[in-house]
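**Q** As you go down the protein sequences, you meet chains A and B in turn. Under the numbering used here, the first residue of the first sequence is numbered 70, with each subsequent residue one higher. Under the numbering used here, the first residue of the second sequence is numbered 96, with each subsequent residue one higher.
Derived by calculation from the structure, the hints in this document are not laboratory data. Here the structure is a predicted model, which means the values were calculated and not measured. We put the beta carbon where it would ideally sit given N, CA and C, even for glycine. Each hint can be trusted.
Result set (PhoX-like, lysine-lysine): computed pairs, CA atoms no more than 25 Å apart in a straight line:
#1 A:K212 - A:K306
#2 B:K441 - B:K495
#3 B:K441 - B:K316
#4 A:K84 - A:K110
#5 B:K838 - A:K137
#6 A:K84 - B:K719
#7 A:K138 - B:K838
#8 B:K537 - B:K859
#9 B:K541 - B:K454
#10 B:K735 - A:K84
#11 B:K187 - B:K348
#12 B:K146 - B:K160
#13 B:K735 - A:K75
#14 B:K893 - A:K75
#15 B:K771 - B:K641
#16 B:K315 - B:K348
#17 B:K454 - B:K316
#18 B:K315 - B:K386
#19 A:K138 - A:K162
#20 B:K454 - B:K441
#21 B:K799 - B:K735
#22 B:K160 - B:K541
#23 B:K859 - A:K306
#24 A:K118 - B:K719
#25 A:K118 - B:K735
#26 B:K719 - A:K110
#27 A:K287 - A:K75
#28 B:K204 - B:K187
#29 B:K495 - B:K541
#30 A:K214 - A:K260
Restraint ranges, calculated between C-beta atoms of paired labels, are given here:
#31 A:K173 - B:E897: 51 to 61 Å
#32 B:K541 - A:T94: 43 to 53 Å
#33 A:L104 - B:P899: 46 to 56 Å
#34 A:T140 - B:K541: 22 to 32 Å
#35 B:P899 - A:D209: 48 to 58 Å
#36 B:D760 - A:T140: 14 to 24 Å
#37 A:G109 - B:K287: 47 to 57 Å
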Amino acid sequence: MYSNDKCISSGECVKNCPNDALTLTPDGIVTNADLCAMCGKCADVCPTKAMEMTGQLMTTDEVMTQIKKETILMDTSEGGVTFSGGEPLLHHKFLIEMLDACGKEGIHRCIDTTGLANSNILMEVAGKAEHFLYDLKLMDSAKHKEWTGVPNEKILENLKLLAASGMNMNIRIPLIKGVNDDDENIYESAKFIATLEGKKPLVNILPFHNIAAKKYEKLGVHYEKGIMDEPSIERQKRVLEIFEEHGVNAMIGG
Amino acid sequence: MENINHIKVGIDPNGANLPSIKELLGKTDSIQTAERNAASEGNFYEPLGDKIGPGMNSRVQRLRKLSFEAEPSISIERALHQTAFYKEHYGKHSIPVLRALTFLDHCEKKTLYFGEDELIVGERGPVPKAVPTFPELTCHSVEDFHVLNSRDQQRYTTSQEDINTYAKEVIPYWEGRTQRERIFNHVPDTWKRAYEAGLFTEFMEQRAPGHTVLDGKIYKKGMLDFKKEIQDHIDSLDYMMDAEANDKAEQLKAMAISCDASIVFAERHADLAEERAQTESDPAKKAELLKIAEVCRWVPANAPRTFHEAVQMYWFVHLGTITELNGWDAMNPGHFDQHLTPFYEKEIAEGTLTREEAKEIICCMWVKVNNHTAPPKVGITAKESGTYNDFTNINIGGLKSDGSNGVSEVSFILLEAVEELHLLQPGSSVHISPKTPDKFLKAACKVIRQGHGYPSVFSPETYITEMIAMGKSLTDAREGGCSGCIEVGAFGKEAFVLTGYLNVPKIVEITLNNGVDPVTGIFVGTESGDPRTFKTYQELYDAFHKQVKYIVDLKITVSNYIDTMFAKYAPAPFLSVVIEDCISTGKDYYNGGPRYNTNYIQCTGLGTVTDSLSTLKYHVFEEKTFDMDRILTAVANNFKDDEILRQTIVNRTPFFGNDDDYADDIALQVYDDLVKAIDGKPNIKGGEFHLNMLSTTCHVYFGKVMGATPNGRLAAKSISDGTSPSHGCDTNGPSAVIRSLTKLDHTRSGGTLLNQRFLPSLLKRDEDIAKLGKLIRSYFTLGGHHIQFNIVDTATLKAAQENPEDYKDLLVRMAGYSDYFNDMNPDLQQEVIDRTENDSF
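The whole structure should be built from the sequences, with the hints applied where relevant.
**A** The structure is reproduced here in structure tokens:
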């Protein structure tokens with residue numbers, strides 16, 4: 070990732086790149102993605118950390134060392150660890166190792182997932198977690214495919230399974246103007262949630278925001294502002310009302 | 096569900112780098128993005144409507160408005176009385192008796208102020224915020240008055256006529272006789288050079304030793320009771336066997352005279368109230384005046400019987416101590432809620448007081464404290480202490496001396512007064528023990544959320560252990576707390592004198608120059624070797640350690656001399672009446688009379704020191720990224736032409752405050768060696784020196800007297816404050832900061848200070864308030880001493896800088912106290928802006 074505003078044009082990264090993938094221009098560093106081998110040598114020498122590698126390879130033990138530092142904070146706040154992503158269930162082998170390690174320490178475990186996963190894996194993970202944050206984006210499968218690239222049948226099926234297992238859940242709905250904030254989708258979502266077995270979940274309505282824009286910029290990816298937008302306050306209130314009509318606990322944010 | 100500390104373990108852990116809203120919005124005008132609008136009463140306040148200002152009712156609103164708008168001025172009345180009395184009586188009496196008689200003389204003659212609407216009466220000056228001078232300590236020159244009249248910040252006005260009178264009547268008499276001159280005429284050159292280089296400051300060069308805090312005795316005894324006790328001790332003096340009996344007799348006589356002085360002062364207010372009642376036609380107002388007269392006839396002569404009398408009792412004692420000699424960190428009621436609770440509960444049960452009436456009395460007293468601006472400072476002390484604040488800190492909550500929970504309904508009333516009035520003074524602190532109910536912590540966090548910078552938050556468990564470690568009894572330690580900023584002592588039983596700040600980063604600077612101050616080229620330290628010849632980090636550290644010991648000893652030697660001068664020439668007999676054991680030992684507050692006598696040296700800049708040493712250890716001796724000469728040359732040139740070096744240091748060095756053991760271990764060693772250099776050195780009063788970690792506003796002054804430092808800090812920029820990390824260097828969030836901080840054993844100090852700044856938007860909801868509470872409890876579970884918060888965003892601060900008129904009421908947390916943002920000089924303002932702004936827990 071590259072932050073132009075931190076760059077002082079030292080040229081250190083250009084000198085250190087073994088593949089000559091970087092060029093210093095008057096507008097900052099330009100990376101030739103075809104030549105870049107993601108070796109990270111540019112980030113190692115950047116004096117200002119304008120050039121950064123995201124993510125870090127760590128073993129279970131290394132992650133646990135970091136987590137255990139927070140013990141007293143977790144104890145006093147009744148907190149724990151949330152596994153999110155990306156999609157944590159894509160990396161279930163490591164995830165399960167981590168869940169076992171946290172379980173041994175008595176640390177509260179929470180999974181933040183899109184729900185798109187093999188049901189057996191999901192349920193194995195569920196057996197090792199205390200709480201789920203589960204995304205529910207759109208009830209209409211065709212529309213779901215249009216906006217996310219995948220249909221939603223598997224996601225809904227998994228949610229039913231998970232609910233029936235008695236899992237504690239927050240169902241999280243990113244609310245996007247003109248995409249999923251229409252009455253029909255909200256009615257369908259509320260109905261679906263109301264009929265779930267198991268414990269009553271709390272629904273978090275998450276109004277859309279542009280916070281990711283900066284990260285797109287750092288990654289050098291074009292961010293199309295304006296395609297998506299935050300629904301009006303009135304609309305948000307209406308959405309809450311619909312959930313209330315169905316006897317579902319919902320709140321904005323969370 | 097998202098708990099305060101639910102750690103995100105991302106398979107793609109980019110969550111930590113999310114930009115703030117402002118980053119997204121780009122560089123729009125700060126005014127547009129400020130989270131706190133101009134002229135709003137607070138982040139979460141109701142608009143004022145037709146009220147004239149904050150306050151529970153029109154009386155309090157008027158009193159607050161008057162106090163808020165009053166401009167600090169100088170009253171020369173006390174100096175005139177003092178000078179005339181000294182001229183006539185010096186030499187006729189022992190010094191303690193002379194001091195008591197001047198105090199009595201002033202109480203008999205001083206112009207009274209009895210404001211409309213007041214329920215609590217008594218003012219040190221003739222009008223609110225009129226500040227007396229103390230020429231016996233520091234005699235201001237004509238030039239000083241002109242500077243005070245015209246300087247941009249902390250202005251005090253004096254009329255030309257008064258300046259002329261002062262020049263004629265006051266200045267000639269005190270020339271050569273002031274404490275300040277006694278001290279500066281005595282100090283060795285080595286001390287003077289180090290002092291002028293800014294290696295340390297000296298509180299006592301122009302203010303009396305302060306940190307005077309009361310326990311509960313004045314609510315159980317009146318001045319007449321104290322007089323009787325004093326007489327008993329005079330009667331039992333053994334002039335045959337006790338070599339000090341005559342000195343004790345003089346001291347005790349002085350104390351008795353001081354008791355009379357405070358009674359006379361109160362009686363004069365009673366007379367005035369009765370006089371006004373006679374001509375008052377409104378029956379309600381008449382009754383109110385007669386009530387005030389009755390209260391002033393009863394206290395401070397006798398122990399208070401009612402809530403109103405209890406508050407007025409305290410106020411008279413407060414006024415007495417700050418009139419007699421306004422010590423540094425003036426005067427403080429201690430655990431005010433605990434002292435008032437018995438009166439409150441009794442009267443509520445009897446139906447003679449309502450909650451509203453009690454709150455009104457408290458608010459009246461709050462305004463009174465605000466009326467009492469700190470005396471003006473001069474010279475270096477004025478440079479390092481830029482504030483009107485006289486540091487009265489009301490302790491709320493905490494533990495009782497029997498170890499039980501000290502929170503009562505009165506605690507909540509005090510919190511309401513803090514929030515509603517949001518005045519510069521008094522400061523306030525809440526004391527959060529595991530026994531403190533969450534309800535109280537939440538109420539306190541809601542006040543913190545208002546963004547006025549107070550209350551600050553203390554851990555009684557930590558400071559009680561600190562005090563026991565210094566030899567106090569469990570009960571005395573429990574009745575202790577914070578006096579002004581973060582320093583703690585045994586209330587009502589201890590003189591805990593802060594002697595001045597130690598510029599530890601400057602010690603690093605002179606170490607890198609073999610004892611020479613590179614700013615002036617003057618040799619100010621001791622020889623510790625040329626760092627370019629050092630082969631190991633240990634050699635460098637040993638050199639630094641040698642300088643630390645040298646400078647600390649230099650400071651202590653002179654501190655002890657100053658203490659001797661105060662004991663001899665400026666005893667405080669009135670204060671001695673109300674501090675435990677002064678009567679029974681027959682000794683003054685400044686002469687070892689109190690049960691405990693502690694001198695503190697306040698060490699500053701732990702973050703800057705750690706980061707500088709870490710830079711040299713990491714880059715020069717271990718990674719060998721740069722050699723010593725390159726870094727020292729860059730430092731000497733203020734990193735000019737070597738921005739790559741500076742950026743590499745800033746971004747690629749383990750710094751304090753990130754829970755990184757590499758840096759934190761250095762901090763631990765520095766802390767440990769500072770403790771060893773200071774702790775246990777004897778003072779002249781039978782007590783010892785200890786350390787605390789506090790900088791107040793001094794880190795700005797200390798930064799000004801320094802060139803660049805190896806951690807990438809540029810010349811003249813402020814050093815890190817208290818025990819907080821260097822500005823902007825705590826990049827791993829607040830939980831990493833508190834873990835780094837609590838690796839230090841706070842209980843070996845007399846207090847540490849941690850600043851945290853949060854965005855107002857982070858604390859909007861009730862569950863956010865709960866999270867803040869949990870952060871506080873976590874810090875204290877880990878052994879933290881004190882934490883304070885600024886709930887304000889950078890855009891608001893910038894907007895306030897650009898439009899000072901619109902942000903007159905913007906209070907921010909400085910260091911141990913709050914100040915009006917617009918009363919601060921640009922350096923201090925910048926320093927608040929530079930603090931890391933946390934946008935998540």
